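**Student:** Here are the chains, one letter per residue:
Protein chains: 2
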Amino acid sequence: MVNLGQQLSSLIKHTPLIEDPMIINLAIKGVIDYFASSLQAKNENDIRKLLAWIDDEGGTARAWLVGQKKLASARQAALFNGFQAHCLDYDDVHSDIRGHPSAVILSALIASIKLDKPLSKIDGRRFLTAYIVGIEVMALLGKIVNPQHYEKGWHTTITLGGIAATAAICYLYDESFGYQALTLAATQASGLRLVMGTPIKFLHAGLAAQTAIQSVEWLRAGIQADKNFLDDKLGFLAVYGQGNANVDLSHWGKPWKIADPGLWFKTYCYCSAAAYIADAGQLLYQHPQFAVEQIENITIYFAPPKSDAALIYHHPLLAEQGRFSAEYILALTLLGIPLNFEQFSPIPISKDVQNLMSRIQRSYQIQLTPHCDAYNKRYVVVEIVLKTGKKISQRIDIPKGSPKNPYNQEQMISKLIRAIGDQQKAENLLNDIYKLSSGIDVYQFVTTHIYTL
Amino acid sequence: MVNLGQQLSSLIKHTPLIEDPMIINLAIKGVIDYFASSLQAKNENDIRKLLAWIDDEGGTARAWLVGQKKLASARQAALFNGFQAHCLDYDDVHSDIRGHPSAVILSALIASIKLDKPLSKIDGRRFLTAYIVGIEVMALLGKIVNPQHYEKGWHTTITLGGIAATAAICYLYDESFGYQALTLAATQASGLRLVMGTPIKFLHAGLAAQTAIQSVEWLRAGIQADKNFLDDKLGFLAVYGQGNANVDLSHWGKPWKIADPGLWFKTYCYCSAAAYIADAGQLLYQHPQFAVEQIENITIYFAPPKSDAALIYHHPLLAEQGRFSAEYILALTLLGIPLNFEQFSPIPISKDVQNLMSRIQRSYQIQLTPHCDAYNKRYVVVEIVLKTGKKISQRIDIPKGSPKNPYNQEQMISKLIRAIGDQQKAENLLNDIYKLSSGIDVYQFVTTHIYTL
Chain Y
1 MVNLGQQLSS LIKHTPLIED PMIINLAIKG VIDYFASSLQ AKNENDIRKL LAWIDDEGGT
61 ARAWLVGQKK LASARQAALF NGFQAHCLDY DDVHSDIRGH PSAVILSALI ASIKLDKPLS
121 KIDGRRFLTA YIVGIEVMAL LGKIVNPQHY EKGWHTTITL GGIAATAAIC YLYDESFGYQ
181 ALTLAATQAS GLRLVMGTPI KFLHAGLAAQ TAIQSVEWLR AGIQADKNFL DDKLGFLAVY
241 GQGNANVDLS HWGKPWKIAD PGLWFKTYCY CSAAAYIADA GQLLYQHPQF AVEQIENITI
301 YFAPPKSDAA LIYHHPLLAE QGRFSAEYIL ALTLLGIPLN FEQFSPIPIS KDVQNLMSRI
361 QRSYQIQLTP HCDAYNKRYV VVEIVLKTGK KISQRIDIPK GSPKNPYNQE QMISKLIRAI
421 GDQQKAENLL NDIYKLSSGI DVYQFVTTHI YTL
Chain G
1 MVNLGQQLSS LIKHTPLIED PMIINLAIKG VIDYFASSLQ AKNENDIRKL LAWIDDEGGT
61 ARAWLVGQKK LASARQAALF NGFQAHCLDY DDVHSDIRGH PSAVILSALI ASIKLDKPLS
121 KIDGRRFLTA YIVGIEVMAL LGKIVNPQHY EKGWHTTITL GGIAATAAIC YLYDESFGYQ
181 ALTLAATQAS GLRLVMGTPI KFLHAGLAAQ TAIQSVEWLR AGIQADKNFL DDKLGFLAVY
241 GQGNANVDLS HWGKPWKIAD PGLWFKTYCY CSAAAYIADA GQLLYQHPQF AVEQIENITI
301 YFAPPKSDAA LIYHHPLLAE QGRFSAEYIL ALTLLGIPLN FEQFSPIPIS KDVQNLMSRI
361 QRSYQIQLTP HCDAYNKRYV VVEIVLKTGK KISQRIDIPK GSPKNPYNQE QMISKLIRAI
421 GDQQKAENLL NDIYKLSSGI DVYQFVTTHI YTL
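From first to last, the protein sequence lines are chains Y and G.
For the first sequence, our numbering gives the first residue as 1, with consecutive numbering after it.
For the second sequence, our numbering gives the first residue as 1, with consecutive numbering after it.
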């Protein structure tokens with residue numbers, strides 16, 4: 001009898017190369033954004049620390065450390081690339097997952113490419129399909145376990161990411177042990193939301209990518225993991241979720257989850273759950289009756305309840321914690337401070353901002369009809385009571401960057417150019433990313449850019 | 001305000017060197033058993049596979065692969081040593097943990113010793129105290145989260161082991177970031193009981209040891225993890241257990257948990273939960289009225305209910321699954337088959353044994369008074385109904401090897417000699433293990449044995 005884990009693994013293995021130009025174009029957008037997010041972060045302090053540790057640990061140099069002009073072991077590359085891609089919280093999000101798929105999946109896929117002893121040619125279309133398959137697995141699992149899994153305290157980027165990235169690598173190399181690899185990845189699934197606001201949140205993306213490399217390499221080495229990771233009593237969903245009763249594999253790729261509900265791209269470095277707040281704050285700042293010194297108090301209404309679970313800091317002290325603070329981001333926007341990287345670095349938050357934050361409270365006492373295109377029926381209303389007694393408010397259902405209100409191709413390309421800081425290099429990379437869809441060898445793609453980016 | 005994670009970390013840091021000869025002797029016994037379990041396994045097939053993978057990954061050779069006459073990176077050594085020590089399920093158990101502490105903690109401690117660039121001298125007494133502290137942390141957490149944590153499907157050897165081993169390493173080197181290291185270890189805690197009966201169960205011990213090395217090394221590299229891992233809402237106990245309301249740190253080391261309830265040592269290679277069954281079966285086999293062909297049916301009564309959670313195989317097909325099968329072990333003993341390593345290797349189970357297993361059922365319908373020395377009030381009654389209608393039964397409360405019915409020093413030493421297969425080498429190692437308690441430098445201890453064991 002074929003069990004659930006085997007069924008899923010079989011769906012993965014038998015997925016044909018995806019040729020639909022709309023889907024492929026979304027994958028291309030994901031790859032562009034991955035490089036933009038990674039290269040924007042490449043000189044961060046924490047990145048340098050991890051690089052020094054990798055140098056000290058040593059290992060066979062075979063996998064690309066993106067943007068660092070050097071190679072490392074596959075596990076190190078997965079860990080490093082995931083950390084770097086997620087390091088500024090500037091990478092994509094998926095609402096079924098409630099986490100960051102590409103930082104994990106693309107980091108693992110890139111780290112799996114052996115540059116010392118190239119295996120057979122890796123077709124760029126197969127690489128893009130593997131990426132789409134990874135997102136499919138991650139979103140499928142996310143839809144089953146969430147919102148309880150996330151709300152309980154799990155960080156889905158890592159708990160679901162390791163399994164998804166394992167699926168992607170197994171697809172890329174058409175491995176025969178896919179079913180066992182998913183089990184080996186599932187038993188390595190960990191990661192607490194508790195660490196948000198520290199660099200460990202970003203390391204989680206790297207750890208998940210490392211899990212995928214470990215799962216595949218240990219099975220290639222001959223270790224066995226012959227168990228159904230979707231087992232009803234002791235499997236992943238039983239332990240990390242609410243059981244496997246809701247598993248429905250009949251809609252595999254119909255439609256692909258990279259398209260529906262789709263990836264959410266960012267041009268900012270705070271949690272996407274705060275994007276609603278940022279959009280509302282920026283609009284209120286422009287309101288004709290608004291003046292910051294006139295504020296009596298502010299209420300942020302979240303619907304549905306707990307939809308602010310990611311925004312764990314009500315009273316952040318450090319600006320980097322502010323990435324996960326509705327209050328911090330609202331205060332910045334209402335003070336007219338631009339939401340750039342500087343405002344989210346590990347520095348103390350100023351008195352001005354602290355004062356304004358102290359006037360903000362959260363509420364869940366709101367029951368409006370959600371917008372038909374809103375994700376998970378979410379919306380936010382920010383209401384300001386002025387000293388005059390007058391109220392002004394702003395509602396946001398579909399923030400900028402989310403799939404129903406996306407950045408256009410040009411904005412995505414600007415993000416890449418800004419990250420690379422060199423128009424010509426950015427164009428070369430872009431051209432090659434587009435060539436993935438016509439089947440350029442991924443080995444050739446990587447070797448072209450190792451020493452230029 | 002000092003939070004719970006900081007309090008625990010402070011207790012660890014300020015633990016004085018333990019000098020009580022009774023406690024030290026128990027630690028010595030643990031170290032002897034660790035080497036016996038590791039060296040017994042050193043030629044196993046799966047071990048060779050992992051060694052080949054390590055060779056391929058490469059890395060700075062600095063940490064001891066026990067019994068393999070070679071060095072590897074610290075992460076590889078932790079992974080390898082943990083896997084090897086637990087590989088035959090021949091290593092110690094602790095009932096508060098419901099898992100295997102020494103395979104994780106000693107593997108991580110040994111892997112932490114840098115042989116390429118020795119840090120300052122490591123006093124053997126400090127090493128033994130670090131080991132005792134590791135067990136203390138693991139049993140403390142185990143007592144809080146169990147039995148629900150284990151019964152839900154978590155494998156405590158790995159979920160609790162990584163945190164415990166991190167505590168041990170931080171103690172050994174008197175690290176200032178102990179509090180953060182516990183958080184970094186906690187967010188890496190994973191491991192499903194699902195994989196019991198596959199080599200991944202043993203790999204879990206290695207993964208936990210690797211987690212400890214990763215946590216300490218990344219903090220040494222300067223990554224920050226400034227969060228309370230015992231946080232009441234999003235911390236380890238909230239997510240993996242039932243919250244932190246039962247945390248009581250006032251009994252730290254009073255008495256040390258290595259002594260009370262103490263370690264359970266094994267001279268067999270199946271799960272200690274089955275030791276009750278093995279003892280009962282062997283006694284029944286000697287019963288004057290017993291004859292295997294006279295068996296009509298058999299009932300195994302477990303008390304309290306769910307105390308057989310570890311014995312997940314009711315109908316194993318492979319002998320290695322039989323390590324976690326009450327039915328398999330009972331059938332072997334009633335057929336007079338010796339319980340040696342051969343009977344638990346990855347081979348199909350014979351028809352004879354299958355037939356006898358099919359007559360065995362489990363029951364929880366029993367309510368006798370537990371023995372006052374029984375762990376967690378556990379006992380087992382095996383009742384055989386003979387074809388004559390007559391019943392014979394055997395009750396076991398305190399199996400051989402458990403702390404209240406321990407093997408003596410001589411039996412432990414025999415286990416070591418058998419594992420090494422060379423009396424002189426075994427005596428040299430034993431002498432040095434004893435010298436740890438008088439402060440021999442651990443660096444010297446390791447370098448003496450790297451190329452002889």
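Any given hint could turn out to be false.
[As the list claims (entries may be wrong)] Pairs of lysine-lysine, DSBU-like flavour, derived with a Cα cap of 30 angstroms:
{"#": "1", "chain 1": "Y", "residue 1": "152", "chain 2": "G", "residue 2": "400"}
{"#": "2", "chain 1": "G", "residue 1": "233", "chain 2": "Y", "residue 2": "13"}
{"#": "3", "chain 1": "G", "residue 1": "69", "chain 2": "G", "residue 2": "152"}
[What the hints assert, rightly or not] Which bits of chain Y does chain G cover? Going by a derived footprint, with three or more residues having C-beta under 8 angstroms, they are:
{"#": "4", "stretch": "135 to 145"}
{"#": "5", "stretch": "182 to 191"}
{"#": "6", "stretch": "197 to 210"}
{"#": "7", "stretch": "285 to 292"}
{"#": "8", "stretch": "436 to 444"}
Calculated directly from the structure, the hints in this document are not laboratory data.
Quick caveat, the model's predicted, so the values are computed rather than measured.
Every residue, glycine too, gets a C-beta built ideally from N, C-alpha and C.
**Student:** Against each hint, give a clear statement of whether it holds in the structure.
**Tutor:** Each hint, compared with the structure:
At roughly 41 angstroms between alpha-carbon atoms, residue 152 of chain Y and residue 400 of chain G are farther apart than 30 angstroms, so this suggested pair is violated. In summary, the hint linking residue 233 of chain G to residue 13 of chain Y is not supported, as the alpha carbons are separated by about 40 angstroms, beyond the 30 angstroms threshold. Taking the CA atoms of residue 69 of chain G and residue 152 of chain G, the gap is near 40 angstroms; set against the 30 angstroms cutoff, the hint is violated. For the stretch 135 to 145 of chain Y, the proposed coverage by chain G is not satisfied: 0 residues have a C-beta within less than 8 angstroms of a C-beta in that chain, short of the threshold of three.
With 8 residues carrying a beta carbon less than 8 angstroms from a beta carbon of chain G, the stretch 182 to 191 of chain Y meets the three-residue requirement, and the given coverage holds. Counting residues of the stretch 197 to 210 of chain Y whose C-beta lies closer than 8 angstroms to any C-beta of chain G gives 7; at least three are required, and the coverage claim holds. Taking a C-beta to C-beta cut-off of 8 angstroms, the stretch 285 to 292 of chain Y contributes 0 residues in contact with chain G, too few for the three needed, and the coverage statement is violated. Check result for the stretch 436 to 444 of chain Y against chain G: violated, 0 residues qualifying (beta carbon to beta carbon below 8 angstroms, three or more required).
Consistency note: the structure conflicts with the earlier hints numbered 1, 2, 3, 4, 7, 8.
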